[in-house]
Amino acid sequence: MKTTKLKTVLILMVVMGIGFSFTTINKVTVKGSDTMVILSQKWAEVYMKKNPGTSIQVTGGGSGVGLAALINGSTDIANSSRPIKASEVEKLKARYGTLGVEIPCAKDGLSVYLNKANPVTTLTLKQIGQIFAGKITNWSQVGGPDATIKLYGRESSSGTFGFFKDNVVRTDFSPTCQTLPGTAAIVNAVKKDKYSIGYGGAAYAEGVKDCAVKKDDKSPAILPTAATIKNHTYPIARYLYMYLKSKPTGEAKAFIDWILSPAGQAIIEEVGYYPLK
Amino acid sequence: MKKVIVAILVSVCGVVSAQEVENDSIKSISLDSLQQAINEHQLKFDALNEQLSPMQEQVDRMSKLKISGYMQVQFEMYNYQDIPVVTPASGTTPAKTSYYQLKPGTSETNVPLATNSVDVNNSFNIRRARIKFTYQPLEGVIFVLQPNFSFSAVTLKDAYVQLNDPWINSFQLWIGQFNRPDYEVEFSSRDRIIMERSRMSGILYPQERDLGAKISMNLATQYEIPLKIDIAAFNGNFGEGPIANQVTDVDSEKDFVIRTTYSLQFPKQGLGIDFGANGYFGKNTVFAAGTYSDVNSNPFTAAVGDKLKKQWFGAEMQVFSDLLGGLALKSEFNKGVISGTAGSAIVNNNPSFNFSGEREFTGYYVTLEKNFGTKFQAGARYDSWDPNNKLKGNEVTVAQDLKVHTWGFAFHYFFTTNTKIGLGYTMPINETSTTVGGIYNDDVKNNTTTLRFQASF
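Taken in sequence, the protein lines are chains A and B. 1 is the number of the first residue of the first sequence in UniProt numbering; add one for each residue after it. 1 is the number of the first residue of the second sequence in UniProt numbering; add one for each residue after it.
Here chain A stands alone, though its shape is the one from the complex (with noise of 0.2 Å):
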């Protein structure tokens, strides 16, 4: 009796399990990094345009807020400026039984802002790593004039912090770091101020020079361009992401493939980042 039993419900499971995995999506949502927010409308603009029909919602949010929406399941695709953390992936592992899916789809670079009037030009990672830390506070102890340094960033919840945090800064931000929502805020505060210092987005630098960057103190400077960036010679250097939470189907891979694709890839300079070939 416990055998048939046990048996009609493992063959009602399966039925289930195979009716439901063939769900497709109708409208494909996309939430998260801000810095890839522009990037990802202007694809979302273009797709449509192109596949009348096809439903794509982009917001922004951060990255923090968009992997968040993939693991609670209210986005079909998550777009980060920096990798998934490991207790991200295990919390895919937990709900969805997955470990999600990284798609890298641009290259960007973050540059350093300085205002152009700061007789400062180059600066070693570790350097940038003191001053966002709160460790180095006066440009004297750079070899600037005697001032002290003014800092701007980005929210927690922003790919950017994140990114800047863990290959830059590699400890906690000085509190006296002011924290502005988005890139084009801060390189606003840092045009505005002589001997302030802010990170973001390299196509944002207009009105402030890039900081060339050296790796250490051996090493050469060198300035955030379209070549040392594609090529990782400048060293703060990053992919831009898309993740899902299982293999992308229907219209979601429809969308990705035609990210990926030449076409898709040709808008990323029109926005100021960088193609991944």
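Where hints are given, some of them may not hold.
Computed list of lysine-lysine pairs in DSS-like fashion (alpha-carbon distance at most 27 Å, straight line) [as the list claims (entries may be wrong)]: (1) B:Lys228 x A:Lys150; (2) A:Lys91 x B:Lys228; (3) A:Lys230 x A:Lys42.
Honestly, the hints are just simulated from the structure, not real lab data.
Given the structure of chain A, go ahead and fit chain B onto it with the hints provided.
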């Protein structure tokens, strides 16, 4: 005609002068008022900035505190045993057989048979009501506090400090009350598909947690080597005996746990395999002198202060596959010696073992979990607990030595990202023994159907 010409001239003059005036006024008003508006707004922004600065500090401080929690309310239906109870003949009253019911939740082979004189075959109950506070005052320091709210009391589930090493970012020190290192124990009920943990975990790790310290090494963060090693020392008596005795150690002996896991990832195949091994090294102090049973079921006399063996080794594996939207296969195996003293009044009584003596045991489970999109999940688990490897079938003389296999099935539907409903069925099948007799001549009727509602935040 004159009137017409005068009228035209007047109106033209009016238009011209009106235009001039209008142009002049626009220019002067726009420049002056613009400057004034900018100044006014600048003052407003400065004032707002001044107001917001202290608030920003407060927000920054508050953002270091994270609050999460979940509640599980369930309706259970029990399939239980009619237990014949014979009232002997007395005077003119003849002997009488009446039937009692197994008390819900106590129909186990390893606890004394309790009965309900009234038929109870369903009940609502609150399984979990927890809030977790996580405070991170600075990088690498985390305080966690998690109370559990029940009908008549608030109990402390987690209370620990986690310190991360700031030098190579690979070591963590945990101190306080937290989960013992084990996959199933550390996997939260809020995410688990099968309704309850396996019988093995419930017996080996009562109440999941213990008081102690743990050093955790994770080489993935800094060196991209997916190796994790946990070494912990615990009091060893949490979840045992009266609750007042669990706040400190009941003896000076500490239990030591080591667990190591390694993760393999094959992104192209959408496949992840985590595997590992663990060891538990502890002792149980005897607090009630008397006759105990050794691993060969031979009686021996134990005195207060004697030490009983509590040691096991295990292995684990979890396979995650991106097959049809997500599939996971999870398994753990443990083999060793468990010990204890029967009686709920004993300070280190493990209520799920509840036996005076030492036993060589084997336990394992295999769970298959399937995810369907973002709305549905299903799972099936087979778990086995053999509390006495040396006896089988009719050789078994006490109910606590009977082997139990348990089938568990569950299906979940997510209403929203934070609320779900789950339907589960648990079917324990015990080994039978005519030597033990009574209800153990057959499989005890103790299946449970559970309908669970969960809300989390």
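Hints and how they fare:
Restraint check for Lys228 (chain B) and Lys150 (chain A): not satisfied, since their Cα atoms lie roughly 40 Å apart, outside the 27 Å limit. A distance of roughly 17 Å separates the Cα atoms of Lys91 (chain A) and Lys228 (chain B); the hinted pair therefore holds under the 27 Å criterion. Pair hint Lys230 (chain A) plus Lys42 (chain A) holds up; C-alpha atoms about 21 Å apart against a cutoff of 27 Å.
Checked against the numbered hints listed earlier, the structure breaks hint 1 alone; every other hint is satisfied.
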